[in-house]
Structures are given as structure tokens and as C-alpha cells.
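Asks: Counting in my numbering, the sequence shown runs from 15 upward without gaps.
There's no promise every hint is true.
[Said to hold, decoys possible] The calculated DSSO-like cross-link candidates involving lysine-lysine, where the alpha carbons are at most 30 Å apart (straight line), are:
no.: 1; residue 1: Lys91; residue 2: Lys70
no.: 2; residue 1: Lys146; residue 2: Lys77
no.: 3; residue 1: Lys114; residue 2: Lys91
no.: 4; residue 1: Lys21; residue 2: Lys89
no.: 5; residue 1: Lys50; residue 2: Lys77
no.: 6; residue 1: Lys62; residue 2: Lys89
no.: 7; residue 1: Lys146; residue 2: Lys57
no.: 8; residue 1: Lys50; residue 2: Lys91
no.: 9; residue 1: Lys77; residue 2: Lys91
no.: 10; residue 1: Lys57; residue 2: Lys70
no.: 11; residue 1: Lys89; residue 2: Lys57
no.: 12; residue 1: Lys44; residue 2: Lys91
no.: 13; residue 1: Lys44; residue 2: Lys77
no.: 14; residue 1: Lys89; residue 2: Lys44
no.: 15; residue 1: Lys21; residue 2: Lys146
no.: 16; residue 1: Lys91; residue 2: Lys21
no.: 17; residue 1: Lys70; residue 2: Lys170
no.: 18; residue 1: Lys170; residue 2: Lys146
no.: 19; residue 1: Lys77; residue 2: Lys57
no.: 20; residue 1: Lys114; residue 2: Lys21
no.: 21; residue 1: Lys57; residue 2: Lys44
no.: 22; residue 1: Lys70; residue 2: Lys44
[Claimed, not checked] Label pairs and their computed distance ranges (CB to CB):
no.: 23; residue 1: Thr69; residue 2: Ser158; range: 49 to 57 Å
no.: 24; residue 1: Asn81; residue 2: Asp27; range: 20 to 28 Å
no.: 25; residue 1: Gln80; residue 2: Ser158; range: 27 to 35 Å
no.: 26; residue 1: Gln152; residue 2: Thr69; range: 20 to 28 Å
Derived by calculation from the structure, the hints in this document are not laboratory data.
A virtual CB, placed ideally from N, CA and C, is assigned to each residue, including glycine.
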Amino acid sequence: MFVNLEKLSVETDGRYASDDELEFINTYIKSFSLRKQVYQKLKSLEAKIVEQVYTKLRSLDPKLLQNGAEDVSDKWKRDTLRVLRYVALTVLIDDDDNLKNQFLIWFQTIMQAFNAERSCDATYNIMQQVVKQLLEPQEVALVSPVLELNRNLLGKK
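Generate coordinates for the entire structure from the input sequences, incorporating the hints supplied.
Replies: Laid out in C-alpha cells, this is it:
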């Protein structure tokens with residue numbers, strides 16, 4: 015949303031925007047109620063989502079949450095909560111570019127430094143499955159692309 019507003023500001027410098035140029039605002043306004051609902055639902059379900067992902071991740075491969083001999087489960091939970099909160103905000107403001115540029119590229123560097131790409135790939139793949147069980151289909155349609163963006167940027171290539 016913010017990227018589109020900024021682009022509109024630049025492109026319409028000194029003139030009024032056309033109806034076509036303003037259409038993205040109408041689309042956003044029409045979807046805002048659902049976006050807000052999803053944001054609030056993710057907020058209320060965050061602990062449940064993270065716990066279900068953690069349980070499935072552990073059963074898939076307990077070594078995914080190991081860094082050498084160290085169990086990094088607590089760090090994983092903190093990081094996963096942080097990412098889920100960014101996902102919720104991204105859904106609310108409808109701005110994947112903001113998520114990517116303000117958070118994911120920075121976080122990607124950290125995940126690569128700790129060789130956590132495989133864990134990230136599994137985490138956001140499983141999280142998509144968990145979200146499908148907990149949210150309504152129209153809510154999943156807003157959340158899944160953002161989770162996939164996380165998986166693509168943070169997960170193993």
C-alpha cells in the first residue's frame with residue numbers, strides 16, 4: 015500500500031490522479047475489513063500457530079532446531095513470533111515490498127550466517143499448513159503469499 019501511495023505521489027507530481035491510478039486505494043479499502051480481521055486473528059492465535067509449527071517441525075526432524083550441539087528452540091520460537099508479527103502487519107497494510115525491504119533482507123543475512131535456511135524453509139512450509147487449518151479460506155488467501163515470500167527469502171534455495 016505505502017509503495018503504491020509513494021509511486022502515485024511521484025507519478026502525479028503537479029497533476030490530479032486518474033480514476034485508474036486511484037483504483038488500488040478502492041481495492042485496499044474494500045479489503046481492509048478482512049485484512050484487519052486476519053491481523054487480529056493472527057494476533058490471538060500466534061502462540062497456537064507457533065506451538066503447532068514447533069511440534070510438527072520437531073517430529074519432522076529434531077535436528078532442524080540444533081546448531082551443532084546447541085538446542086536453539088527458544089531462539090527459533092522468538093524469531094518465528096517476530097516473523098509472524100511482520101506477516102500480520104504485512105497483511106494489514108498490504109505491502110509485501112515493505113516487509114521484504116524493511117525486515118526480510120536483513121533477517122535473511124542472519125539466517126544464512128547461522129545456516130538456518132533449511133529450518134526456515136520447513137518452518138514456513140509447515141506454517142502454511144497450520145494456517146490453513148486455523149483460518150478461513152479467504153483469510154488464508156491473504157496470509158499464504160506472505161508466508162511463501164518468507165519461505166522463499168529465508169529458506170534454503
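Asks: Between Lys170 and Lys146, does the CA-CA distance stay at or below 30 Å?
Replies: Satisfied, since the Cα-Cα distance of roughly 23 Å is no more than 30 Å.
Asks: Taking 30 Å as the top limit, are the C-alpha atoms of Lys21 and Lys89 close enough?
Replies: violated (38 Å)
Asks: Taking only the CA atoms, is the gap from Lys89 to Lys57 under or equal to 30 Å?
Replies: It holds: about 20 Å lies between the C-alpha atoms, which stays within 30 Å.
Asks: Is the Cα-Cα distance between Lys44 and Lys91 30 Å or less?
Replies: violated (34 Å)
Asks: Determine whether the Cβ-Cβ distance between Thr69 and Ser158 falls within the hinted range of 49 to 57 Å.
Replies: violated (20 Å)
Asks: Take a quick look at whether Lys89 and Lys44 sit within 30 Å of each other, Cα to Cα.
Replies: violated (38 Å)
Asks: Please work out if Lys57 and Lys70 have their alpha carbons no farther apart than 30 Å.
Replies: Holds. Lys57 to Lys70 sits at ~21 Å (cutoff 30 Å).
Asks: Would the pair Lys21 and Lys146 pass a check requiring their Cα atoms to be no farther apart than 30 Å?
Replies: violated (33 Å)
Asks: Range hint 27 to 35 Å: satisfied by the CB atoms of Gln80 and Ser158?
Replies: holds (28 Å)
Asks: Tell me if the straight-line CA distance from Lys50 to Lys77 falls inside 30 Å.
Replies: violated (37 Å)
Asks: Is the straight-line distance between the alpha-carbon of Lys114 and that of Lys91 30 Å or less?
Replies: holds (21 Å)
Asks: Please work out if Lys70 and Lys44 have their alpha carbons no farther apart than 30 Å.
Replies: violated (36 Å)
Going through the hint list in order, the structure does not satisfy hints 4, 5, 12, 13, 14, 15, 16, 22, 23, 24.
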